[in-house]
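Undergrad: Knowing the structure of chain E, use the given hints to seat chain Z on it.
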Amino acid sequence: MNRRVVRVLGRALIALVLVSDVAAAQDAPPALAIGAHAIGLVTQATHTPEGRTLTEAYLTQPIVSADVRAGWLQAMGMLNFEGLTLRRGELDVGEWGEGYVDRRHPHAYLHELVVGAATSSAPVVASLYAGRGFVPFGSDDPMSRPFVSYPVDHHLAQLLERLVVVGAVRARALLLEAAAFDGDEPLDPSTPQLARRFADSWSVRGTLSHALPALGDAELAASYANVKSPEYREGQGLDQRKAHASLRVDGGGAFAHYVLAELARTTDVDRGRDLYTFDAALAEGAVCRDDAGLALRWERADRPEEERLVDLFRAPRPATDLSILGITQWTTLTVAAALPALRLFSAHAAPFVEAARIRVDRTTAALFDPLRFYGSNLMWRTSVGLRLGVGHDHRREGRYGAAVPTASTPLHAHDESFPAHCFR
Amino acid sequence: MKLARTCRLLSLVLLSGCLFDRGTAATPHASCALAGGSPSGGDAMAVIGCGIIDSRYTAEVAVRDSFAYTTTWGFRSAPGNMVAVWNVSGDEPVLVDSVIVSGSSTLGDVAISDDGALLVVATERTNGSLVVFDRSNPRHPRQLSRLATPETFNGVHTAEIGRIAGRLYAVLAVDPLGGAPTPESKIVIVDLGDPVNPREVYVKSVPGSAPFVHDTFLRDGLLFVALWNNGIEIWDLGGGGQGGTPAAPVVLGGVQTIGGDAHNVWWLHDPVSGSRYAFVGEESGPAQLGVSSVGDIHVLDVSDLAHPREVAFYHVPGAGTHNFSVDETNGILYAAYYNAGVRALDVRGDLETCTPAQQETTGNLVRCDLGAMARETGRGLSGGTPAVYVWGVQYVGGIVYASDMLNGLWKLRAVR
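Line order of the protein sequences matches chains E and Z. Our numbering numbers the first residue of the first sequence as 41 and each following residue consecutively. Our numbering numbers the first residue of the second sequence as 278 and each following residue consecutively.
These aren't lab readings, by the way, just hints derived from the structure by calculation. What you are looking at is a predicted structure, and each value in this text was computed from that prediction instead of being measured. Possibly wrong hints are sitting among the right ones.
[Said to hold, decoys possible] Listed below are the simulated EDC-like cross-link pairs for lysine to aspartate or glutamate, each with C-alpha atoms no more than 16 Å apart in a straight line:
#1 Z:K481 to Z:D471
#2 Z:K463 to E:E274
#3 Z:K463 to E:D361
In isolation and in its complexed conformation, chain E is listed as follows:
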């Protein structure tokens, strides 16, 4: 299967290079866009694993990004410095993944570096990108959405920081993407993926744009991924089957608005046998006028409970057998407000506040008991912060080339849809 995927993608690459002569003939001048962003954040969370309220401050999501176009070739990259500023993780009770629990893990220094090309012969647009980046699965990277806190379903609804080759074809309102990638999730911010694991996993995603005219620019998407051993780097751990469906609506005007509703399911698989299934449902939206806005998110997501280490915010990777301590269900209601930004040339500083009511419930009588562990099954998280940015702004993360909704001739792989200014 993997070899077949690689062969197909290889042939597609050759075809694309040939077709790209057309694009090269356009003789477009080279273009470079660079930007830097970070969020200064103070967060307070009640009922943490340490059994008390914690207040922490740090710089989160510190990134430097660049998009380059030279002829038909495009490249984009993003460096993420959370490995320096968030070594212990961002306090976010309910969040999990990559060995962190109740803290969001720091992302890889090389968050994204992909190179690709796209044809420009409408009405059919095709593209092929390769590098380390986003897998065409699920919804947009939470970093490009209105909330500073990541949803609990992050590891159910996105696949990122993988060695990936993504092919995409857009014909009118229909977009199809397919990818081959390595299944292993990052070990830590600095360790590169095992190259030998490239193409042991695959995904497909279909997107229908302008699907519901009554809701404006609505986008329906469904995706599926088969991921080999994401949590055991050497490849011998449980596999995952992942499915996702979403509706996304955005629009501009005096009151820019955005809505995302998604369903996600991940099933752990041992040698072809289903073990555990984790579900998530999420709905979020935002309304903005200029750079001030209000956003709301509701989420209910399952979380696997695993043995904790001496540091109760950490869980071992990989697991050493097939058992878990239970499945908890996290219901989170988050509200965020973006306040008018201070702007100077291309730089800005935008204050915001965010608050969340978090409820956790057991789904079985298995060992992990939230009441006993946290002291309550109802927690609160509040944050205040300042979004800092200068230069080019990465907008919608996770799609490349022909997969960018507005890209009939994709110069940048990130579209210019909502939110234009607020929550940025």
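TA: Just chain Z now, with coordinates in the frame of chain E:
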């Protein structure tokens, strides 16, 4: 207009979500109260007594003379870094002391040397180690040494001890750990001849196809290694006649057990039927600790050490097995069965001859079903109240001690 519709849609979704908070079940606490107040809970293995530990999850048990030692696992309201010392001379186990092992989140295994002089404890996860205690005063074990090396760093899941040519050794099953210098699971053999200065003499990574090793069984210079998906291997450490030593083991043979997930082994020395059989515990999934488990007992005919064969099995619907202890004098195997309590099996005699009705065929392999052969001779703690999750058992002089993750230490009457 479109904005208004979008806002209404979003509001509806959010409101409906808030209305459906789930209830959370009341927290169960450790308990010794059996269903209906019956001392047996309806089981053949009557309960003699119980010692409660509520703040931690209990793991393995080791017993000698009048003292039992139980380890602790994971995090309940306190970390699994405690060894509980029990006086078990009376009906009720009495907690008389505890030892905290620093820098550990789980103490997965505990064992006592054959002369009763030493107590060894395996520590997990990162910064794993083997801790050796002096049992001169069994009520208050005194730490003699702690072996923590790059080879044990990933976490020591179990430590089996045994004597080879008169010298004491420990065999460590080491966890895999992402990002570690050697991330794979390993077998580490430690010379305990000088317990103050334990010394690694052999290290071997398990094959990636395994990919875990949880437990081993050392007896008469042979080591039985449970290699998860790869089944069982038998190593000559000095008793196999193939020149193996603890520092240079020789693999004699192995067998892929049905279903894999081979977790633990007991090589039976039956005074009546000899050393023909080894019993393998399968720790499969899905398993939500505390409520569910999966996995059979597999019986291997090891009369030809180079070519062991699977000949029989024992299955409990809705539960899976964990560690064993065997009353070899009476030919009874006691198996911890997590949420199903404790099961006792008559393992004396021929286990691979049965009627067609007692057989099950998997592929080309025909196995006898010990359950259908009426080999089950007793149950303990299977009444359902209180809920139990039995990790380990040890048979000592007519008593079966059962370590229960949820409640602590049970003292049960053996079936014979």
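Undergrad: Confirm or reject each hint.
TA: Right, here's what the structure says about each hint:
Our distance criterion of 16 Å between C-alpha atoms is broken by K481 (chain Z) and D471 (chain Z), whose separation comes to about 22 Å. A distance of roughly 14 Å separates the Cα atoms of K463 (chain Z) and E274 (chain E); the hinted pair therefore holds under the 16 Å criterion. Restraint check: the Cα-Cα separation between K463 (chain Z) and D361 (chain E) comes to about 14 Å, which is no more than 16 Å; the hinted pair holds.
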